[in-house]
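Peer 1: Sequence:
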Amino acid sequence: MDKSCYNIQDAELNKLGFGYTLSIIGGKYKMIVMYNLFENQNVMRYNELKRSIGPISFKTLTNTLRELEHDGIITRKEYPQIPPKVEYRLSEKGLSLMPILNMMCDWGEQAQLEKRTNKS
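Positions in the sequence shown are counted from 1; adding 6 to them yields this note's numbering.
Please keep in mind that the hints were generated in silico from the structure rather than gathered at the bench.
Keep in mind that the hints are not guaranteed to be accurate.
Per label pair, the in silico range of CB-to-CB distance [as the list claims (entries may be wrong)]:
hint, residue 1, residue 2, range
1, Met110, Ser63, 16 to 26 Å
2, Thr123, Thr66, 18 to 28 Å
3, Gln118, Gly33, 20 to 30 Å
4, Val49, Glu115, 22 to 32 Å
Predicted, not measured: the structure shown is a model, and the values here were computed from it.
Quick reminder that beta carbons are idealized off the backbone N, C-alpha and C, glycines included.
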């Protein structure tokens with residue numbers, strides 16, 4: 007691993023690879039939105055996403071989707087019909103993050119298992 011990716015002394019954190027990645031996927035719901043899109047064959051409508059996430063306000067979900075779209079992680083497609091139809095999907099850039107999210111999930115499951123085992 008290139009040590010310049012995480013050497014905070016050389017630059018501000020958000021200008022490094024590690025910090026930039028965190029700025030993209032950080033936030034309470036960003037990874038959850040990405041994972042739901044991935045698990046649901048990469049296409050979901052707004053209300054489907056909201057239902058799949060659970061307790062999230064409309065404002066928070068809207069802001070999260072806008073940030074992910076701005077960063078090129080998801081794409082938003084509007085259909086000219088009544089009622090309006092909008093679909094969200096992972097972009098190629100978003101799909102390229104899925105192996106990282108899967109590794110984080112695997113790590114979390116292993117860490118939880120170890121924690122439960124150590125408490126017994």
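Peer 1: For each hint, tell me whether it holds in the structure or not.
Peer 2: Consistency of the hints with the structure:
Here the CB-CB span from Met110 to Ser63 is close to 25 Å, well matched to the stated 16 to 26 Å. Distance hint check for Thr123 and Thr66: the Cβ-Cβ separation is about 35 Å, which falls outside the suggested range of 18 to 28 Å. Against the hinted window of 20 to 30 Å, the Cβ-Cβ separation of Gln118 and Gly33 comes to about 22 Å, which satisfies the hint. Between Val49 and Glu115 the CB atoms are about 27 Å apart, so this pair conforms to the stated range of 22 to 32 Å.
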